[in-house]
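Peer 1: Use these hints to put chain B onto chain A, whose structure you have.
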Amino acid sequence: MTAPADKPHLSRKHMLDLLKQTIRIRRFEDKCAELYTQEKIRGFLHLYDGEEAVAVGIIPVLEKRDRIVATYREHGHALVRGVPMTTVMAEMYGKQEGCSRGRGGSMHLFDRATNFHGGNAIVGGGLPLAIGLALADHMQSNDLVIACFFGEGAVAEGEFHESLNLAVLWGLPVLFVCENNLYAMGTALALSESETDIQRKASCYRIASEPVDGMDVVAVEAAARRAVHAVRENHKPYFLECRTYRLRAHSMFDPQLYRDKTEIEAWRHKEPIVRFQEWLQANHMIHPDDVPRLEAEIDAEIAEAVAFAEAGSWEPVEQLTRFTYAESAAPTDR
Amino acid sequence: MQQELVRSGTIEITYREAVREALRDAIKRDERVFLMGEDVGRYGGCYAVSHGLLAEFGPERIRDTPLSESGFTGAGIGAAMAGMRPIVELMTVNFSLLALDQILNTAATVRHMSGNQFGVPLVIRMATGAGRQLAAQHSHSLEGWYAHIPGIKVLAPGTLEDARGMLWTALQDPDPVLIFENVMLYNMTGKLAADAGPVDIDKAAVRRSGRDISLITYGGSLWKTLEAATALAADNIEAEVIDLRSLRPLDDTTIITSVAKTRRAVIVDEGWRSGSLAAEVGMRIAEQAFWSLDAPISRVCSEEVPIPYPRHLESAAIPQAPKIVAAAKAALGRA
Chain A
1 MTAPADKPHL SRKHMLDLLK QTIRIRRFED KCAELYTQEK IRGFLHLYDG
51 EEAVAVGIIP VLEKRDRIVA TYREHGHALV RGVPMTTVMA EMYGKQEGCS
101 RGRGGSMHLF DRATNFHGGN AIVGGGLPLA IGLALADHMQ SNDLVIACFF
151 GEGAVAEGEF HESLNLAVLW GLPVLFVCEN NLYAMGTALA LSESETDIQR
201 KASCYRIASE PVDGMDVVAV EAAARRAVHA VRENHKPYFL ECRTYRLRAH
251 SMFDPQLYRD KTEIEAWRHK EPIVRFQEWL QANHMIHPDD VPRLEAEIDA
301 EIAEAVAFAE AGSWEPVEQL TRFTYAESAA PTDR
Chain B
1 MQQELVRSGT IEITYREAVR EALRDAIKRD ERVFLMGEDV GRYGGCYAVS
51 HGLLAEFGPE RIRDTPLSES GFTGAGIGAA MAGMRPIVEL MTVNFSLLAL
101 DQILNTAATV RHMSGNQFGV PLVIRMATGA GRQLAAQHSH SLEGWYAHIP
151 GIKVLAPGTL EDARGMLWTA LQDPDPVLIF ENVMLYNMTG KLAADAGPVD
201 IDKAAVRRSG RDISLITYGG SLWKTLEAAT ALAADNIEAE VIDLRSLRPL
251 DDTTIITSVA KTRRAVIVDE GWRSGSLAAE VGMRIAEQAF WSLDAPISRV
301 CSEEVPIPYP RHLESAAIPQ APKIVAAAKA ALGRA
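Heads up: the sequence lines are chains A and B, in that order.
My numbering puts the first sequence at residues 1 to 334.
My numbering puts the second sequence at residues 1 to 335.
Derived by calculation from the structure, the hints in this document are not laboratory data.
Given the structure is predicted, the values throughout are model-derived calculations rather than measurements.
A portion of the hints provided could be inaccurate.
[Claimed, not checked] Listed next, the stretches of chain A that the computed footprint assigns to chain B, with coverage defined by at least 3 CB atoms under 8 Å from CB atoms of chain B: (1) 113-126; (2) 233-241.
[Unchecked claim] A few chain A residues that face chain B, going by a derived Cβ cut-off under 8 Å, partial list only: (3) R103; (4) L129; (5) D137; (6) M139.
Think of the CB as a built atom: it goes at the ideal place given N, C-alpha and C, for glycine as much as any other residue.
So that you can see chain A by itself, here it is in the shape it has in the complex (with noise of 0.2 Å):
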């Protein structure tokens, strides 16, 4: 039985804010891929393009103390969970207004404001780390979750394991979402692992678990609301293996030599946004005018945030150093 609370609420301003938030996301990294054609933004850039609908199925369930870990692949769990569209942009132009000064970019987005823990780009490196503020927490009887954010390659690694067998020995409230794209930069899922159904792992380690259709943000957030629900009363870990899948290239470098665009063009199918507005429209949820009004909306919110990135300054070089230690003998924690 699912206590009515882990329900989702099927309103219409609730589906018209789960739709929103998946084609800001959209939006938002087709604007990125733009600006990078024109080197505004450099370095690694790794697209969401298909996944969002797990970002913004699981967020908005947790609560503003809660905290997130989340991958080199994270515009969209840094949008979902409120931190500024316009820092976004800005770090991403590596802007000292961005939200990590300029200094981390498009792979390392953090924010204090609201416990975004930062964009981890080392496969598999920001489960321990999880493991660390869920103990703190425990210690300090801070009753909140944390949500940490990996792809299925992170699975291979050894931190995973030693991660998730941790969390059950000392009884940490980690929720654990994998997003499964399927592949591993280029390496697909069977090739790297004996065992493909990756939430069967968990119950090794005797955590719960359970697959989601994660091109699905109502049938992610029902999960979503399972699995927080689940973690907080029980103060246990909890496992949510989402299935989906990478639309675009791994990075603006990949040519997708691994993968038939066949194969693309079936998931393109499945794709979330369409999808569930293709839903939502049959099931007269929202109106046909709708979607121009969120888009524009959404445009006007990215045109700021450009313009606020562009209008951002460079860090002065003399500055190159600051904060590799405190700068202050106090220590910036809470």
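Peer 2: Leaving out everything else, chain B in the frame of chain A:
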């Protein structure tokens, strides 16, 4: 405790006990401090450093971990970010390599990479060094490697005072601090002030004053270097012995002041010679005191070989007092 209070206000204590007292003191003084690592609790610590602490403080604060170096080091980083003051014990530097990703890619980078939003006030302790016939996988001295990394601090307590006093100061530091305890020092016994407490962690110390040559060292090699200085004194050579104490940051001022006085320098470092901390110290002397020098800078380091098991080979692989004496005499043209 096997301490004996003597009338002068000093106690007889081992290095191991000094570290343990530092741990007890820190855990008592700050409720955010806890110790975690492999066998720190029920076993009492691989080197018996934390013996008795589990009974005193309980399993939450003396936390045994599985053999998951990366996992629990990362957990220490996360816990530090979220308000605790963890002390992670990596049993030895050899095993720290399994946690190197977390130390280098996360602990050392987070403050800068996050634009100063998150810091990692974490202390990581580990045993280091050769001398116990533990062969190639249990005898590394990699503290010089760690000193290469911006974003962390690296300490090498060579004395009882530092074993007792560096930990608390390291815990007050807002950034990650690595403390390397040389395995050969744990049984070292000596006198320590009964009220010994925190010490600074950013200055080198002159352990013996002299005018003829500067012998610059740290950690386990400190005592071999002092032994060498005594031998040199018998030949009327007055060596000054500098204990670096902090390997990152290095205290250039103390080093250069000494070399400017003695005009000669030998660096003694248990790390391998190529790319060693000794190379860094030597280069700083070359950069900052070249015109003061009367002789080439020289080094006594470990031989470039995995540390072997047999005593005579192990002994030959790492710095020893006779080699230090020979290097000093060569620098003075008295070989």
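Peer 1: Now tell me, hint by hint, if it's right for this structure.
Peer 2: Going down the list of hints, with the structure as the test:
Requiring three or more residues with a Cβ within less than 8 Å of a Cβ of chain B, the coverage given for the region 113-126 of chain A holds, as 5 such residues are present. With 0 residues bearing a CB less than 8 Å from a CB of chain B, the region 233-241 of chain A misses the requirement of three and the coverage assertion fails. Taking 8 Å as the C-beta contact cut-off toward chain B, the hint placing R103/A at the interface holds, the least distance being around 5 Å. Here the hint on L129/A is kept, as its CB sits about 4 Å from the closest CB of chain B, short of 8 Å.
Evaluation of the D137/A hint against chain B yields a held restraint, the C-beta minimum of about 6 Å falling below 8 Å. Taken as an interface hint, M139/A checks out: its beta carbon lies about 6 Å from the nearest beta carbon of chain B, inside 8 Å.
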